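2 protein chains.
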Amino acid sequence: MNNEDILLMMPGPVPVTPRILRAMSKPMINHRGAEFSEIYDDCREILADIFKTDNDIFVISGSGSAAMEAAVGCTIKSDDKVVAIENGKFGERFKLLANIYGDVVPLEFEWGDSIYLDMVEEKLAEGAKAVTLVHNETSTGILNPAEEIGKLARKYDALFIMDGVTSIGGDDVRVDEWGVDIAVVGSQKCIGAPPGLSMISVSERAFEAMEDIEKIPYYLDLKAYRKSANKEKTQTPYTPAIPLFYALQESLHIVMEEGMEARINRHKTGAEAVRAAVNTMGIQMFPNLDSCSGYSNTVSAMRAPAGVSGDDIKKDMLKRGIVIAGGQGRLSGKIFRIGSMGNITSRDILVTIQELETVLHKRGVVSNIGPGIEAANNVLDALL
Amino acid sequence: MNNEDILLMMPGPVPVTPRILRAMSKPMINHRGAEFSEIYDDCREILADIFKTDNDIFVISGSGSAAMEAAVGCTIKSDDKVVAIENGKFGERFKLLANIYGDVVPLEFEWGDSIYLDMVEEKLAEGAKAVTLVHNETSTGILNPAEEIGKLARKYDALFIMDGVTSIGGDDVRVDEWGVDIAVVGSQKCIGAPPGLSMISVSERAFEAMEDIEKIPYYLDLKAYRKSANKEKTQTPYTPAIPLFYALQESLHIVMEEGMEARINRHKTGAEAVRAAVNTMGIQMFPNLDSCSGYSNTVSAMRAPAGVSGDDIKKDMLKRGIVIAGGQGRLSGKIFRIGSMGNITSRDILVTIQELETVLHKRGVVSNIGPGIEAANNVLDALL
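Listed in order, the protein sequences are those of chains A and B. Mapping of the first sequence onto the working numbering: position 142 corresponds to residue 142, and the numbering continues sequentially without gaps. Mapping of the second sequence onto the working numbering: position 366 corresponds to residue 366, and the numbering continues sequentially without gaps.
To be clear, the hints were calculated from the coordinates, so they are not data collected in a lab. Predicted, not measured: the structure shown is a model, and the values here were computed from it. Incorrect hints may have been included.
Copies of the same chain look alike in the list, so a pair counts if it works inside one copy or between any two.
Below, simulated SDA-like cross-link-like pairs (lysine to any residue); rule was C-alpha separation at most 25 Å, straight line [what the hints assert, rightly or not]:
hint	residue 1	residue 2
1	Lys77	Asp221
2	Lys334	Gln235
3	Lys227	Asp311
4	Lys123	Asp157
5	Lys215	Leu96
6	Lys26	Met1
7	Lys233	Gly333
8	Lys129	Asp381
9	Lys129	Ile216
Produce the entire structure from the sequences given, and follow the hints as far as they go.
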């Protein structure tokens, strides 16, 4: 099957609209010139709206993991305690990262389980320089309680470092209101751009913490990003990935044209449609939620039905031209995931549900084709 | 002036041909799927030819500075001595980088001067884990003696870490023959792709040195790059900048179609034409060369003529639609630089020389327009 005919319904990279792809075909420019500066300023201004923050915002030429490393590498030194909350693969990644730079206090929950706030408070009460949280745990489809963790971080005077890689730009995130000292997002997720860039907001409190750090990673030195951003012509400290900045700018314009409120609503409705459909098909959601967690509004994780591996479903769907995701790491085979982030339309969701229902029908999991589609449609109708 | 009409004659980012720009407009793909794997394999195979190496080669989604940091961050720990050779801005950058991870033994020459091999040997004889060298010092237009430094590194059993950011793909580089343990190149230089990727070759000796390092940077962990590259489907450890991989692959195909021998000859001839032209115009080259150094074959650095700043020349040229470079850091204003790397043609060089001659004529530096063009043409005729 031709790539032009493949539909990406993974939790990133997401499909990139032709308008954004076209933006990348512009000629290269001097990355130290006025024009690059204007692009970068424009992006930073829109990103501040999306992050809901007055903090400094930078764009790093590197994936979300690079920005996560910048967050801990610039603020944490070897004897600093970091409470690393983990309830999925990206929580684990943050823990591994924090462990390179600091003294990790692990706080591990089952992958797919909720985070218990009392246990977070207990760890923070013992004293910590920072707490790391994955807001939207892509590996398990859980929306973690960022606002509550933010309150605890302030209460115990810890830096709040948040991975918003698959929430910012698609779900409700309020960096300043929640007291997020460092927030990170990837380009290839809710913002709808190609992969390769990550964006990071940094509070004054976080910058103050950096004064204490003797050896900061070079490529990911947030102080260098700030210094370059404050030059007469806004710059990046190292050569930026110019075509990806063209794409990011176009993507951000698309976000603004839609408006964040409408965009968040579209994401919520899309994920709700997926849940309604799989529920109708008798498929269980994977997350085990308590009252302060929620299902992700950008990626839905489902348990593989009895006798069928999540990877089988993924392969069946791929044959039909739709890329969904399986489980990562210890969840391999046990779950399957459908991303509904970025510029994904109701039509994209409907065709995915329709093919999923067909695949499950062929495998004997559901007896009829139709109810899942109808359930999804009933939810998506709200967007009409 | 419209960007489509601007000619980039900086030492990177270089102009990207429409064929390469078009390659970026393909749809996104699953970065864990077979197709990405094939692209990455294809790139790595061609890069091995260009680097002239059997060592492992990886592509990092990040600039050349990221790859330079990977080189020292993965092999050097705090008490390891690193002889950091500096005769320009990028030598200084390597020194700063090495200083984050190890114990730097600085070896500083005037920016623009040659490297004295006896002094390198003296430092290495005192014992060092590694030596860092910038092969083609972009800031000063000097080609440093990589082969000779390689011999000294072997003699004193030090790792040889080489920044080939503006030489590999345009000039003669022989990683295995010269004993380069880690070599680094950027996408936006001689290879002719957009900025945002860097490529790194790593010897077994370098991998062995990594066994000794307790805490390796996460995003730049070369062991993780190797592990992912050796999976059944070749992968990168973190989400790759997919459109830039499309562009890189296309750029590398263009390199192979031209052939490295022809490409090196074209670069040498292009830089020689620039030198012949400025010499005819009475402009002095900036480098102060001894017998084992050479003028760069990819970027030419000239002293600003009496009474004129290098930045004035840069500004005059920019008004005429040609972007050249001034001096960096302490060389600001004192020099101006013309890049002639990547897919730059004889016509691009000629029009640059013609405009330079006009600019210098208007500023009263040269009395006639014509001799510079003729001198450049006489050299470039060899490529006809």
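Verification of the supplied hints:
{"no.": "1", "hint": "Lys77 <-> Asp221", "verdict": "both (14 Å within a copy, 19 Å between copies)"}
{"no.": "2", "hint": "Lys334 <-> Gln235", "verdict": "between (45 Å within a copy, 23 Å between copies)"}
{"no.": "3", "hint": "Lys227 <-> Asp311", "verdict": "between (47 Å within a copy, 22 Å between copies)"}
{"no.": "4", "hint": "Lys123 <-> Asp157", "verdict": "within (13 Å within a copy, 48 Å between copies)"}
{"no.": "5", "hint": "Lys215 <-> Leu96", "verdict": "both (19 Å within a copy, 11 Å between copies)"}
{"no.": "6", "hint": "Lys26 <-> Met1", "verdict": "between (29 Å within a copy, 14 Å between copies)"}
{"no.": "7", "hint": "Lys233 <-> Gly333", "verdict": "between (50 Å within a copy, 18 Å between copies)"}
{"no.": "8", "hint": "Lys129 <-> Asp381", "verdict": "neither (47 Å within a copy, 66 Å between copies)"}
{"no.": "9", "hint": "Lys129 <-> Ile216", "verdict": "both (16 Å within a copy, 22 Å between copies)"}
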